[in-house]
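*Asks:* Listed here are the chains, written in short residue letters.
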Amino acid sequence: QKEVEQNSGPLSVPEGAIASLNCTYSDRGSQSFFWYRQYSGKSPELIMSIYSNGDKEDGRFTAQLNKASQYVSLLIRDSQPSDSATYLCAVTHNDYKLSFGAGTTVTVRA
Amino acid sequence: DTAVSQTPKYLVTQMGNDKSIKCEQNLGHDTMYWYKQDSKKFLKIMFSYNNKELIINETVPNRFSPKSPDKAHLNLHINSLELGDSAVYFCASSLSPSGGTDTQYFGPGTRLTVL
Numbered sequence: 001q002k003e004v005e006q007n008s009g010p011l012s013v014p015e016g017a018i019a020s021l022n023c024t025y026s027d028r029g030s031q032s033f034f035w036y037r038q039y040s041g042k043s044p045e046l047i048m049s050i051y052s053n054g055d056k057e058d059g060r061f062t063a064q065l066n067k068a069s070q071y072v073s074l075l076i077r078d079s080q081p082s083d084s085a086t087y088l089c090a091v092t093h094n095d096y097k098l099s100f101g102a103g104t105t106v107t108v109r110a
Numbered sequence: 001d002t003a004v005s006q007t008p009k010y011l012v013t014q015m016g017n018d019k020s021i022k023c024e025q026n027l028g029h030d031t032m033y034w035y036k037q038d039s040k041k042f043l044k045i046m047f048s049y050n051n052k053e054l055i056i057n058e059t060v061p062n063r064f065s066p067k068s069p070d071k072a073h074l075n076l077h078i079n080s081l082e083l084g085d086s087a088v089y090f091c092a093s094s095l096s097p098s099g100g101t102d103t104q105y106f107g108p109g110t111r112l113t114v115l
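Protein sequences appear in the order of chains A and B. Heads up, the first sequence is in the working numbering, so the first residue is 1 and it goes up one at a time. Heads up, the second sequence is in the working numbering, so the first residue is 1 and it goes up one at a time.
Because the hints were derived from the structure by calculation, they are not lab data. You may find that some hints are simply not true.
Claimed, not checked - Computed list of lysine-lysine pairs in DSBU-like fashion (alpha-carbon distance at most 35 Å, straight line):
#: 1; chain 1: B; residue 1: Lys-9; chain 2: B; residue 2: Lys-67
#: 2; chain 1: B; residue 1: Lys-22; chain 2: B; residue 2: Lys-41
#: 3; chain 1: B; residue 1: Lys-22; chain 2: A; residue 2: Lys-42
#: 4; chain 1: A; residue 1: Lys-97; chain 2: B; residue 2: Lys-44
#: 5; chain 1: B; residue 1: Lys-52; chain 2: B; residue 2: Lys-22
#: 6; chain 1: B; residue 1: Lys-67; chain 2: A; residue 2: Lys-56
#: 7; chain 1: A; residue 1: Lys-97; chain 2: B; residue 2: Lys-71
#: 8; chain 1: B; residue 1: Lys-36; chain 2: A; residue 2: Lys-67
#: 9; chain 1: A; residue 1: Lys-42; chain 2: B; residue 2: Lys-44
As the list claims (entries may be wrong) - Computed list of chain A residues with no C-beta within reach of chain B, every gap over 12 Å:
#: 10; residue: Asn-22
#: 11; residue: Lys-42
#: 12; residue: Thr-86
Glycine included, each C-beta is placed from N, C-alpha and C at the ideal position.
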């Protein structure tokens, strides 16, 4: 049973468009939610964290959390070719463990 | 300055061999982790140490043995390597366990290939 699920993609968007990534999680007691970006052959890098329901914006990135629906999303506005990467959704429980989804690969077409 | 470093970056070895991967962090963090990322990019926690004490020990074959000589270092030793051990192994660190609210910083990864 997967704990964190994401659409594997690939998600292809034109430059300047909005990329929308979705993630659902199974443990209703999950407390913290993260989006990591991983370029091919590189290590994951944290780009957003969100802990309470609602939206959180940071530059071109917006994370949205809905705990009732057990759903977290990431919007990338004005997508750039440099945003082409795999985006990993990660969720923590109450046991220090960070569980990752399989990732969504995003390709931004110039 | 590299925050989380791992050696080696690449490791190619034969089945049945024993190998070690080393990790060091210079961030002053108390907590370190080992993750395995398979060919499908699925990143899974293996172990975590907080100030040299094991706090997460997932269902991992006992051929894998972590060792933390001090809180800045976390090594991973693998005995009797199998084909299925081929993956990228990432070390990470965070300020504290804190239910995972502290940002985890990842090392560059070690790509292990077992022939």
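*Asks:* So, for every hint listed, does it hold in this structure?
*Replies:* Okay, the hints, checked on the actual structure:
1. Lys-9/B - Lys-67/B: holds (19 Å)
2. Lys-22/B - Lys-41/B: Satisfied, since the Cα-Cα distance of roughly 22 Å is no more than 35 Å.
3. Lys-22/B - Lys-42/A: holds (18 Å)
4. Lys-97/A - Lys-44/B: holds (10 Å)
5. Lys-52/B - Lys-22/B: Roughly 15 Å between the alpha carbons, so the hint for Lys-52/B and Lys-22/B holds.
6. Lys-67/B - Lys-56/A: Status violated; Cα separation ~38 Å.
7. Lys-97/A - Lys-71/B: This hinted pair holds, its Cα atoms lying about 18 Å apart.
8. Lys-36/B - Lys-67/A: holds (28 Å)
9. Lys-42/A - Lys-44/B: holds (16 Å)
10. Asn-22: holds (17 Å)
11. Lys-42: About 7 Å separates Lys-42/A from the closest Cβ of chain B, which leaves it inside 12 Å; violated.
12. Thr-86: violated (6 Å)
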